[in-house]
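**Student:** Sequence:
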Amino acid sequence: MYKVLSLLFVLLSVIFAVQACAGDYDPSKVTIGGNCPATSFAQWKQLDEGVVLNPTDIPIDELVIHQAGMAHVIEVAKALNKKFVASIYFPNGTLACIGVNTGSPNMIAHGETVAINNCTALYGIKSFTNFTLYTTGEPCAMCAGALVWADFKTIVWGTFNRDLYCKICMSNIPMDSSYIFARAFGLGANKAPRVIGGVLRAQSDAWFGSYCSRPTSIYYIKPECACNKAISVSQRVVTSYSGYTQFEVSLVNYGPAVQGMIVQSDYTLGNNDIWTLNSTLAASGVAPNTYTFYPYKDLFNANEVLTFGYRIQGSYAANFTLQFNYAS
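Going letter by letter, the sequence shown gives residues -20 to -1, 1 to 308 in mature numbering (1 follows the signal peptide of the UniProt record, and there is no 0).
For the record, the hints were derived by calculation from the structure and aren't laboratory data.
These figures come from a predicted structure and were not determined experimentally.
Virtual Cβ for every residue (Gly too), placed ideally from N, Cα, C.
Where hints are given, some of them may not hold.
Once the Cα atoms are required to be at most 30 Å apart in a straight line, the calculated DSBU-like pairs of lysine-lysine come out as [what the hints assert, rightly or not]: (1) K62 with K133; (2) K147 with K62; (3) K62 with K202; (4) K171 with K25; (5) K133 with K58; (6) K147 with K58; (7) K58 with K202; (8) K62 with K106; (9) K106 with K25; (10) K202 with K147; (11) K106 with K171; (12) K133 with K25; (13) K133 with K106; (14) K171 with K133.
FRET-style restraints, in silico, Cβ to Cβ [what the hints assert, rightly or not]: (15) P71 with V44: 17 to 25 Å; (16) P236 with N86: 47 to 55 Å; (17) K62 with G168: 32 to 40 Å; (18) C192 with Q303: 16 to 24 Å.
Let's have the full structure, built from the sequences with the hints guiding it.
**Tutor:** Listed below in structure tokens is the structure:
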């Protein structure tokens, strides 16, 4: 009888433990920092994705260094006619080695992992503490994990994974590398690298090009993405006089913040024909030419509204397009 009651007690304890832990993760009801009992439902601490710095987030002297590093890997990529190239720099800032994704000897020989293996072969390096890695494209999920295991201090890239997959139609695991980097705590304290995305983004994006109309390419994938029209452009007539019409243009950002926005027109607008109404757009330093003018916005925040005015000969509005250096 005693054995039966003991067994029943154990079973009830396990049932109650499972019921107590099987629900959704609730940080207010758990203790972070200790190991879980054998009878509990285990779950690691929940995190948002890690921080990816933009070029405007870092000091200009550091940005110049990273721009040089990115320019070099893009140059190598073009010289070898390969899309994914990575480079590794010693802590003193000198180049250690380069890795190129050639698809050989197998499909996991990506630029980042090839660069790591090359450095290990050349110098016997096993851990890359305080080293910096540059790569033309944001590390995939596999490479991001490898970089955390290798203990890199800084990781810099040009083209984002979201753009590679959604805009360039290049096959990729649809995951932001920051998801992996934010979980570096699993390998020890202070293991998360400093991550900077979008350095020389325009040049890198241009090098990758687009495979959306090239379904026979080995890179091609038909992406499954939610494509939101983040910024709307609307115009209204303010007044007309002596053969001229004045328009007001409103831009509304319904998406995330974007940086380095240029407003481009298909019509010749002289210096006296364009003006800002709310002092949020600034001249880019590029003089108007026969086709375009370039009001510039360094940071266009989410839900922000920008307005500017212009006059044009006749009654037909100009057409406007938007270009971006990089986005947050």
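**Student:** Decide, hint by hint, whether the structure agrees.
**Tutor:** Hint check results:
| no. | hint | verdict |
| --- | --- | --- |
| 1 | K62 with K133 | holds (26 Å) |
| 2 | K147 with K62 | holds (19 Å) |
| 3 | K62 with K202 | holds (21 Å) |
| 4 | K171 with K25 | holds (16 Å) |
| 5 | K133 with K58 | holds (27 Å) |
| 6 | K147 with K58 | holds (21 Å) |
| 7 | K58 with K202 | holds (25 Å) |
| 8 | K62 with K106 | holds (27 Å) |
| 9 | K106 with K25 | holds (29 Å) |
| 10 | K202 with K147 | holds (10 Å) |
| 11 | K106 with K171 | holds (15 Å) |
| 12 | K133 with K25 | holds (23 Å) |
| 13 | K133 with K106 | holds (14 Å) |
| 14 | K171 with K133 | holds (8 Å) |
| 15 | P71 with V44: 17 to 25 Å | holds (18 Å) |
| 16 | P236 with N86: 47 to 55 Å | violated (37 Å) |
| 17 | K62 with G168: 32 to 40 Å | holds (34 Å) |
| 18 | C192 with Q303: 16 to 24 Å | holds (19 Å) |
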